[in-house]
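Colleague: Line order of the protein sequences matches chains A and B.
Numbering follows the numbering used here, in which position 316 of the first sequence is assigned residue number 316; successive positions increment by one, without gaps.
Numbering follows the numbering used here, in which position 266 of the second sequence is assigned residue number 266; successive positions increment by one, without gaps.
Just so you know, the hints here were simulated from the structure itself, not pulled from any lab data.
Bear in mind the structure is a predicted one, so any value in this text is a computation, not a measurement.
One should not assume that every hint holds.
Claimed, not checked - Calculated cross-link-like contacts (lysine to any residue; reagent style SDA-like; alpha-carbon spacing at most 25 Å): (1) K325(A) - T281(B); (2) K186(B) - R228(B); (3) K325(A) - L307(A); (4) K325(A) - V253(B); (5) K325(A) - S251(B); (6) K186(B) - R227(B); (7) K325(A) - I249(B); (8) K325(A) - R105(B); (9) K325(A) - A280(B); (10) K325(A) - F287(B); (11) K325(A) - G199(B); (12) K250(A) - P175(A); (13) K325(A) - A143(B); (14) K325(A) - N283(B); (15) K325(A) - I145(B); (16) K325(A) - S39(B); (17) K325(A) - E257(B); (18) K325(A) - S289(B); (19) K325(A) - A286(B); (20) K325(A) - G112(B); (21) K186(B) - T130(B); (22) K186(B) - S39(B); (23) K325(A) - Y108(B); (24) K325(A) - A250(B); (25) K325(A) - N144(B).
Below, each chain spelled out in residue letters.
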Amino acid sequence: MATPVNNEDLVGMLCEMIKARISSERLWALQRQGRIGTIAPINGQEATTVGATWALDPEHDWVLPQYREPMALGRYGPEILNRFAAWAIGHPLGGHIPEPIRVFPPQISLATQILHAVGVAWALKLRGEPGVALVFFGDGSSSEGDFYEAGNLAGVLEVPVIFLCSNNQWAISTPTSRQTAAAGFAAKAEAFGIPGVTVDGMDPVAVHEVVSAARDRALAGRGATLIEAVNYRLAAHTTADDPTRYVPPKELAEAQTRDPLVVFRRQLEDRGIWDRSMQSDAEVAGTQAIDEAWAWASNLPLQQTELFDHVFATPTERQRLQRDKLTAYLQDQQ
Amino acid sequence: MIERDEQTLTMVAAINQTLRAEMARDDRVIVFGEDVALSGGVFRATDGLLDVFGEDRVVDMPLAEAAILGAAAGLAAGGMIPVPEMQFLGFSYQAMHQLAGQIARFRYRTFGRFSMGITIRAPFGGGVRTPELHSDSLEGQMANIAGLKVVTPATAADAKGLLTEAIRDPDPVLFLEPLRGYRGIKGPVPDGEYRVPFGQARWAVPGDDLTIIAWSYQVEVATRVARRFAEQGVSVGVLDLRTLVPLDIASIVDAVERTGRIVVLEEAVPTGGFAAEIIATINEHAFYSLEAPPVRVSGFDTPYPVGLLEDTYVPDARRVEAAVTTVLRAAP
Chain A
1 MATPVNNEDL VGMLCEMIKA RISSERLWAL QRQGRIGTIA PINGQEATTV GATWALDPEH
61 DWVLPQYREP MALGRYGPEI LNRFAAWAIG HPLGGHIPEP IRVFPPQISL ATQILHAVGV
121 AWALKLRGEP GVALVFFGDG SSSEGDFYEA GNLAGVLEVP VIFLCSNNQW AISTPTSRQT
181 AAAGFAAKAE AFGIPGVTVD GMDPVAVHEV VSAARDRALA GRGATLIEAV NYRLAAHTTA
241 DDPTRYVPPK ELAEAQTRDP LVVFRRQLED RGIWDRSMQS DAEVAGTQAI DEAWAWASNL
301 PLQQTELFDH VFATPTERQR LQRDKLTAYL QDQQ
Chain B
1 MIERDEQTLT MVAAINQTLR AEMARDDRVI VFGEDVALSG GVFRATDGLL DVFGEDRVVD
61 MPLAEAAILG AAAGLAAGGM IPVPEMQFLG FSYQAMHQLA GQIARFRYRT FGRFSMGITI
121 RAPFGGGVRT PELHSDSLEG QMANIAGLKV VTPATAADAK GLLTEAIRDP DPVLFLEPLR
181 GYRGIKGPVP DGEYRVPFGQ ARWAVPGDDL TIIAWSYQVE VATRVARRFA EQGVSVGVLD
241 LRTLVPLDIA SIVDAVERTG RIVVLEEAVP TGGFAAEIIA TINEHAFYSL EAPPVRVSGF
301 DTPYPVGLLE DTYVPDARRV EAAVTTVLRA AP
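This is chain A alone, in the form it adopts within the complex (with noise of 0.2 Å):
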């Protein structure tokens, strides 16, 4: 059975939060400052990332983030944020998380990890390990064929794979309304044969109960289940997009009052379990772990002729050409 949170939980899963959302905008600072490319902040959908992998045994379930999660999944250990600072910089150990790590790399094609992750949760079930693979998604991949296809399979094999599609609202400027016509995204689970939950994807208790009990179901041989947290994109798309141009003030604005670092912290504060003095310790604990990220991520060595690192066990004849030509090239540059 599940385990219920209890109040170290709570203000673990607050902590967290609160980190991922410093973590978001501070990586948004970086971008504005020129020192990053393109990146996807998560505000607003932190107590998904949160609640679901607060669910979840780090040493034997996978994770499989789209490219938000990343920056809320300290449940997993600290290399995750450092691994996501590389991966913004455009260092290619930015993509390695190392083992015995059970985490992907941020995907960027979106839905291909929903069936990365059927064949993870297949793979569990033929070497009968105790784990399961849980995949984030959003609304706008439960349109691509790789949901549909990833879901009709796991029906199919029964495998212990939960599917969480984090509708954020929006996939980009396109609102939920032409993604789908069905009613939610959990409703899609019918034509798989499995269960389909929708939760409040702003509570990340009622995310974590969700998510606990698919994972149940799951390690009982019962196969998957897909969840629909709803939750809102606070914060624009990414660095390269302008949210004015399409999401209403007025909802935005609504939204904006249920922000889960506003009600969660509020919610602990009821039951006396949290106050001002560990808000702020939590964001020093926050703007620490981010600064430890940026100042790791930044000072990563790099030769040019990394170009062609692990493409293959071993380089090809043609690759190894290739490489010493480039090495000759660059050192007449220099």
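Position chain B relative to chain A; hints supplied.
Modeller: Okay, now just chain B, sitting in the frame of chain A:
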């Protein structure tokens, strides 16, 4: 059963035996695809595997190519050795985002964390009057995907040796099986463990006057042409590339240095194709050993045609002979 050092097998039998041997050797090897289990595959390449290895390791998949390859990526990351089948290479268009966009770049984008030791088997090539998209030769497109190895056996023995190598390779391999070769190619296959390393071309026919460079079923066509020229006292060699990625550059250079005259065969669309790649390779590495401009014999810049036109589209011995004659006569 009598003990033998080798047996005569069709290419499809050699493939079937190799899959059995590799599945018996390593229980992480799993075979899956459309109609591979109960029916044993539309060409019977996986016939009987279900009975021996059971339904966990020989799996009929829902009809969805992206699901087959996308799941393969996850299986590989999860520690398995997937050997998925694309029922026909042309169907892999419906999985190109998983093949080119994901599987081929997984090791690279994770800077070495996740190996994709996946062997994708796919029949391809013309000559058997199939419906649309069953015969397309897409090897040039596939070779243009960085991070994917492209393997093209032309004999039953190489089908065994290269498939064994593919399954043991830590990187993704597209293993292309010629439709016409499944039963049309037959030959001696060594018993027991037999591996053919990638990137080592084979002289199917040694020659001094001209070299035909070919792969897969076109090696058969080239060999027939070489025999006819031999009857006239002209020594035409046939270099079977065996693998397009990695490419055996040294053997191509050797062929140019030995014969000075080159004809390259392919069944594919010529523009941007692999024959063009071979000729560019010759230009880079052996231009001054040429005695005549190299010529390619290809399909045409059209989609693969319907049955009544395909014998004109696919290079045959007559078209190849004409090209060989032209290159033999060419003088500076």
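Colleague: All hints, please: hold or fail.
Modeller: Tested hints:
1. K325(A) - T281(B): 16 Å, holds
2. K186(B) - R228(B): 21 Å, holds
3. K325(A) - L307(A): Roughly 13 Å separates the two Cα atoms, so the pair holds.
4. K325(A) - V253(B): 19 Å, holds
5. K325(A) - S251(B): 21 Å, holds
6. K186(B) - R227(B): 18 Å, holds
7. K325(A) - I249(B): 16 Å, holds
8. K325(A) - R105(B): 23 Å, holds
9. K325(A) - A280(B): 17 Å, holds
10. K325(A) - F287(B): Roughly 19 Å separates the two Cα atoms, so the pair holds.
11. K325(A) - G199(B): OK: K325(A) and G199(B) at ~21 Å, within 25 Å.
12. K250(A) - P175(A): 15 Å, holds
13. K325(A) - A143(B): 21 Å, holds
14. K325(A) - N283(B): With Cα atoms ~17 Å apart, K325(A) and N283(B) stay inside 25 Å; holds.
15. K325(A) - I145(B): Roughly 21 Å between the alpha carbons, so the hint for K325(A) and I145(B) holds.
16. K325(A) - S39(B): 51 Å, violated
17. K325(A) - E257(B): 24 Å, holds
18. K325(A) - S289(B): 23 Å, holds
19. K325(A) - A286(B): 18 Å, holds
20. K325(A) - G112(B): At roughly 23 Å apart (the allowed maximum being 25 Å), G112(B) and K325(A) satisfy the hint.
21. K186(B) - T130(B): 22 Å, holds
22. K186(B) - S39(B): Judged against 25 Å, a Cα distance of about 23 Å means the pair holds.
23. K325(A) - Y108(B): OK: K325(A) and Y108(B) at ~21 Å, within 25 Å.
24. K325(A) - A250(B): OK: K325(A) and A250(B) at ~18 Å, within 25 Å.
25. K325(A) - N144(B): Holds: K325(A) and N144(B) sit about 20 Å apart, inside 25 Å.
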